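Novice: Listed below are the residues making up each chain.
Number of protein chains: 2
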Amino acid sequence: AGAREQIGAVSVVVPGTVNVEEGTVVKAPNVPCLDGFRLTEALTRALNRPAILENDANAAAVGEMWQGAGRGHHSIVCVTLGTGLGGGIVLDGKLWRGADGSAAEIGHMCVDPFGGVACGCGSRGCLEVYASATAIVRMTREARPRHPESVLRTGESMTSEDVYRAGLKGDELALEVFRRMGVYLGIGLANLINILNPEMIVIGGGVVNAWELFEKHMHQQVAERAFPLPAANVKIVPAQCGDDAGLIGAAWLAINR
Amino acid sequence: AGAREQIGAVSVVVPGTVNVEEGTVVKAPNVPCLDGFRLTEALTRALNRPAILENDANAAAVGEMWQGAGRGHHSIVCVTLGTGLGGGIVLDGKLWRGADGSAAEIGHMCVDPFGGVACGCGSRGCLEVYASATAIVRMTREARPRHPESVLRTGESMTSEDVYRAGLKGDELALEVFRRMGVYLGIGLANLINILNPEMIVIGGGVVNAWELFEKHMHQQVAERAFPLPAANVKIVPAQCGDDAGLIGAAWLAINR
Numbered sequence: 004a005g006a007r008e009q010i011g012a013v014s015v016v017v018p019g020t021v022n023v024e025e026g027t028v029v030k031a032p033n034v035p036c037l038d039g040f041r042l043t044e045a046l047t048r049a050l051n052r053p054a055i056l057e058n059d060a061n062a063a064a065v066g067e068m069w070q071g072a073g074r075g076h077h078s079i080v081c082v083t084l085g086t087g088l089g090g091g092i093v094l095d096g097k098l099w100r101g102a103d104g105s106a107a108e109i110g111h112m113c114v115d116p117f118g119g120v121a122c123g124c125g126s127r128g129c130l131e132v133y134a135s136a137t138a139i140v141r142m143t144r145e146a147r148p149r150h151p152e153s154v155l156r157t158g159e160s161m162t163s164e165d166v167y168r169a170g171l172k173g174d175e176l177a178l179e180v181f182r183r184m185g186v187y188l189g190i191g192l193a194n195l196i197n198i199l200n201p202e203m204i205v206i207g208g209g210v211v212n213a214w215e216l217f218e219k220h221m222h223q224q225v226a227e228r229a230f231p232l233p234a235a236n237v238k239i240v241p242a243q244c245g246d247d248a249g250l251i252g253a254a255w256l257a258i259n260r
Numbered sequence: 004a005g006a007r008e009q010i011g012a013v014s015v016v017v018p019g020t021v022n023v024e025e026g027t028v029v030k031a032p033n034v035p036c037l038d039g040f041r042l043t044e045a046l047t048r049a050l051n052r053p054a055i056l057e058n059d060a061n062a063a064a065v066g067e068m069w070q071g072a073g074r075g076h077h078s079i080v081c082v083t084l085g086t087g088l089g090g091g092i093v094l095d096g097k098l099w100r101g102a103d104g105s106a107a108e109i110g111h112m113c114v115d116p117f118g119g120v121a122c123g124c125g126s127r128g129c130l131e132v133y134a135s136a137t138a139i140v141r142m143t144r145e146a147r148p149r150h151p152e153s154v155l156r157t158g159e160s161m162t163s164e165d166v167y168r169a170g171l172k173g174d175e176l177a178l179e180v181f182r183r184m185g186v187y188l189g190i191g192l193a194n195l196i197n198i199l200n201p202e203m204i205v206i207g208g209g210v211v212n213a214w215e216l217f218e219k220h221m222h223q224q225v226a227e228r229a230f231p232l233p234a235a236n237v238k239i240v241p242a243q244c245g246d247d248a249g250l251i252g253a254a255w256l257a258i259n260r
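Heads up: the sequence lines are chains E and Y, in that order.
FYI, in this note's numbering the residues of the first sequence are 4 to 260.
FYI, in this note's numbering the residues of the second sequence are 4 to 260.
Warning: the hint list may mix true and false statements.
The list makes no distinction among identical chains, and a pair is therefore deemed to hold if it is satisfied within one copy or across any two copies.
Derived lysine-lysine pairs resembling DSSO-like cross-links, with alpha carbons at most 27 Å apart [claimed, not checked]:
(1) Lys238 <-> Lys97
(2) Lys97 <-> Lys219
(3) Lys238 <-> Lys30
(4) Lys172 <-> Lys97
(5) Lys172 <-> Lys219
(6) Lys30 <-> Lys172
(7) Lys238 <-> Lys219
Derived by calculation from the structure, the hints in this document are not laboratory data.
Just so it is clear, the structure is predicted and the values come from calculations on it, not from any experiment.
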C-alpha cells in the first residue's frame, strides 16, 4: 500500500486529436479503436486516481521545455521527425491546443501545393511527405535511378537509418535525400517563424540524428525566407530528451494539473 | 479644458514591427523615418497622456474581435488584403505578438516555394504576391496575352477595383485572376487552420469586396487541404469594420491598457 500511495495521478499521451477538458480521444488515425473513447474517465474509475490525457507531440514539446533543449524558454515550437511529422506549440509557457484540440499539425502545412506528393491526410505537398523517416525512405527509392553507384541502389527493407549511415560515408544518393529534406523543412520552419515568431524551434524524433546532413540546407531556407529579425533571434536546435520527451511532458502535465 | 480632460490616452498603430512594452517602432518598411523611434515616449511627453503603440494588422484583429465579425470569439486569425497582406492572431482573447513583436506575418507564409513570384521581403512565392490588391493588378497584367477580348486588356493605371468590376460583369480575365487569388489564399488558410486551429478567420481589407469572386476557390482549397475537424468548425468570414478596424482596435487597446 505504501508504494501505491505515492502515485498521485496517471498521465496518458495518445497519437491523435484529444479533448483535454473532456478527457476524450477525438481521433487517433493509428489507434482507431480509441476514437471517441472517454479515456480519462475509464482510467480514473479503474485506478482510482486523477487521469490526464494529452496528444503525444504536445507532451513532447512540454517535455523539451521542462527538461530538454527548451529549458528557460517560454515560446517554443517543437517538431518531431518520426514515422510522420508531429508538432507542439508552447506560447508564453502554455500549450496552444487550438479551438478543437487539433492545433500544431505542422506536418500538414503545405510546402509544395501543386507539384507535391500526395499525403495520407488527403492533401498534397505536406511537410510530412518530405521531412519524416517515411519520407526519407520514399525519396531514396525515387532517387535510385539517378544513382546507380550508391550503396542504397538495392534493398527492399531499407530504413531511414540506413540512408543516414550511407550519408555519413558520403554516399551521393543519401546526401541528395537529406539535402531535399533540409530544404523542405527549412521552408516549413520559415513559415512558422513568420507566423509565430517563437523564441526557439526544437527538432526531435529519430531523424534528428541526421542533423549534420540536413542542417545547412534547412538554415539556408530559413535565412532566405524568414523575416530577418525573428530569424536572427530564433534558436533552432536538436531536442535533448530523445524518446522520453513525451513521457517527461506527461509527468509535467500531471504535476502541474 | 473640459474636452481636453476627456482624452485619457493616445493609441497609435503603425504599419511595421513594434515593441509594445518599450513603445518603440522596430521596423516600418514604408515609414522608415520611424525605425528605432521611441514613439510612445515622445507622444506621452508632448501630450501629457499615456500612449499605446501597436502594429496596424494586430489592431485590426482586435477591432474585429471587439466590434466586428469576431464578436463572441476568442481565437481569431485576421487577414487584411490591402496593398500587401497583413495578419493578426488573437489566441484566448489575447494578441499573440511573438517573441520579438513580429508574429502574424501571414502574408509572408510561402505558398509556392519554387515556381513562385519574387516578394519584396526577399523570399519567393509568399502569399502576399497572390492575395493582395497589388497581386491582383500584377496577375491581371500577366494574364492579358491570354485574354485579348477582355475589357482589362489595356490601361496603365488599372486598379484592383477595376478588375473586380470587370469580374462582376463576367470578364474571363478578371475571373481567372480572382480564381487564382482564391486558390492561393485557400492554401494559406488551410495552413493556418492546421497550425493554429482557430475558431474563426476574418478576412478584411479592400480586396475582400470581391468575396463572391474568390470565395468558392478559397473554400475548395481549405476543404482539400485542412484537417476535417478544424476545417468543419472554423468560420471563415468577411470583416465588418472596414477601414475602421485598426482604429477600433486601437481604442480597445487604450481602454484595456
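Novice: A separate judgement is required for each hint: does it hold in the structure or not?
Specialist: Verification of the supplied hints:
1. Lys238 <-> Lys97: both (19 Å within a copy, 25 Å between copies)
2. Lys97 <-> Lys219: neither (31 Å within a copy, 36 Å between copies)
3. Lys238 <-> Lys30: between (32 Å within a copy, 21 Å between copies)
4. Lys172 <-> Lys97: Neither. Shortest intra-copy (42 Å) and inter-copy (50 Å) distances fail the 27 Å Cα cut-off.
5. Lys172 <-> Lys219: within (17 Å within a copy, 51 Å between copies)
6. Lys30 <-> Lys172: Cα proximity of lysine 30 and lysine 172: none, with 41 Å in one copy and 45 Å across.
7. Lys238 <-> Lys219: Only inside one copy: lysine 238 and lysine 219 sit 14 Å apart there, 40 Å across copies, limit 27 Å.
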